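2 protein chains.
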Amino acid sequence: MICVLAGGVGAARFLRGLIQVVPAADITAIVNTGDDTILHGLNISPDLDTVTYTLANAIDPVRGWGLENESWTAMGALARFVDARPQGSSAAPTWFNLGDKDLATHFYRTARLSEGATLAQVTTEICKSFGVDVHLVPMTNDRVSTVVTLAQDCAAGSAGTEITFQEYFVKHQHSVAVRNVHFAGASTASALGLDALSSAQTIVIAPSNPLVSIAPLRALQGVDAALSKRRDSVVAISPIIAGAALKGPADRLMTELGHECSVVGVAKLYAPICGTLVIDSADAHLAQHVEAQGMRCVVADTVMSTPAKSQNLARVTLENAT
Amino acid sequence: MICVLAGGVGAARFLRGLIQVVPAADITAIVNTGDDTILHGLNISPDLDTVTYTLANAIDPVRGWGLENESWTAMGALARFVDARPQGSSAAPTWFNLGDKDLATHFYRTARLSEGATLAQVTTEICKSFGVDVHLVPMTNDRVSTVVTLAQDCAAGSAGTEITFQEYFVKHQHSVAVRNVHFAGASTASALGLDALSSAQTIVIAPSNPLVSIAPLRALQGVDAALSKRRDSVVAISPIIAGAALKGPADRLMTELGHECSVVGVAKLYAPICGTLVIDSADAHLAQHVEAQGMRCVVADTVMSTPAKSQNLARVTLENAT
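Just so you know, the sequences run in chain order V and P. Sequential numbering of the first sequence, starting at 1, is according to our numbering. Sequential numbering of the second sequence, starting at 323, is according to our numbering.
Not one of these hints is a red herring.
Listed next, with one range per pair, are the computed distances between beta-carbon atoms:
1) 171/V - 631/P: 45 to 51 Å
2) 497/P - 173/V: 51 to 57 Å
3) 121/V - 499/P: 34 to 40 Å
4) 173/V - 569/P: 48 to 54 Å
5) 115/V - 477/P: 19 to 25 Å
6) 115/V - 577/P: 35 to 41 Å
7) 83/V - 630/P: 29 to 35 Å
8) 516/P - 56/V: 53 to 59 Å
9) 121/V - 630/P: 53 to 59 Å
10) 455/P - 153/V: 39 to 45 Å
11) 171/V - 564/P: 56 to 62 Å
12) 260/V - 437/P: 41 to 47 Å
13) 509/P - 118/V: 32 to 38 Å
These are computed hints drawn from the structure, not numbers from a lab. If you're wondering where the values come from, they're calculated on a predicted model, not measured in any experiment. Where is the CB? At the ideal position from N, CA and C, for every residue including glycine.
Using the sequences and the accompanying hints, generate a full structural model.
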């Protein structure tokens, strides 16, 4: 059995390759829910949905999120309410796009949660609906929220203001300076998937953002301890390539939060819990600096621009796991 | 100022005519919310929306509910979840159609209510968004639910089972026998619009279902008392024409709940609170039986098949109010 710690797009693409290498039913993916939010009264789990839709071959290939062949009628109709809402209201958030087909997933999740189902149960049901055989597990059934603190006065607010991850990521397009990230609720939440971490043959940390996609999982009680115990069986793939993120704010956040924005910076973050780091060929010259952190270093082509490249990265990753 | 007690379609069509006769801003409509429901986590207020959409000339003219030029993408996408839900779950209710554009209204209402706004505030904001100048007031800001008790074993459940109004009306197409209707929460809810009932020049009871559209309003503390005090200024329009309802279960419910299914049965229900009943020309021969209930009886063309006929009925109704 393989266990994967997963965020959104990078993890989804890795898993898409992994199911070509090992049976989907032998894979457990523990997925970040720190990005989860409630909009229009609907429970939205962006990373879970990105992974599910990708594995179902239903993801929009251009946007990288949401469903393909999507329409935006409900969102369009929301615009009329923007001027009617009173000052201070955040109703009618038109900055977070939800496609019409995608809405059905949130409808189902919201209805099941309100019936008392756990997020884990609902996730299993949604996976079944989409024909996804990978065992997707939300990192917790409890509410944990990734909160970002602004470093300076900007469009999102004054320095020191805390905003939700989706406000940071979507509303402000991660273009504002950040001085802190924390995971509200993490200290009291119960981690899921600890059994998978104990029993998995190999644990893969997907090429997701270490600071806002993997860090929420690690903030939960017992996760870092479980990973440390299995350190030799843990292999991570660096989401930083040649000092930059392929997508998203990982590079910017690494720098802003005081980390080296390179595979070496990633190695330093993961060294306590992970024995092997897979880095891109573009960073081959940094392999010995990674090894200097006490990790094995594997050089591979990590840019998953096609399904074949995802599959190849999955194969190389598993082959190099001890 | 004119105050109208309103349910859904019949009231909406009457109001559409009334705004041709008196300025919209001089009209307060107190609208039934006993049909309100929560689906997919969204707060749905069917009668409020039917009235709003009709007054905004945005209603679908064929269906009589929802928005015109509507699409059903989200509903269509919900179908995949039906087989995944566990037994006993009522998530993914595909029997209640919500159009994609219509969803935006429920999104806005749900978000505002969750921010702490009252239903009355949200209703005012939604009316503003749709350019509706009639002052629409939900009958209460509190939760009141119309509950229907089945008279015999049927597709909806065994005799004695209580189901929500929308299950009765939409899911089972009001084709099941009923032995009781009650309004859960009505005894403790605070009625809205009592000031309008006191100060209005004329109070109109729209041609809505007396037992499930007008009765919820009357079940609220103070409403019947306020109407009784103004009895001479209250004029009702019978929704029963020649012993039948134009649409919906009013005729069936009148019989099942032990009332005469005729304008005389309507007169008996309204006599304590209403001085004048407008009946259709088809029932002219029953005028003296209506008057025998202690009411004035006005005979008019009450079938509002066109906007012009709505306007004419509104004019005749106001002219005959004392």
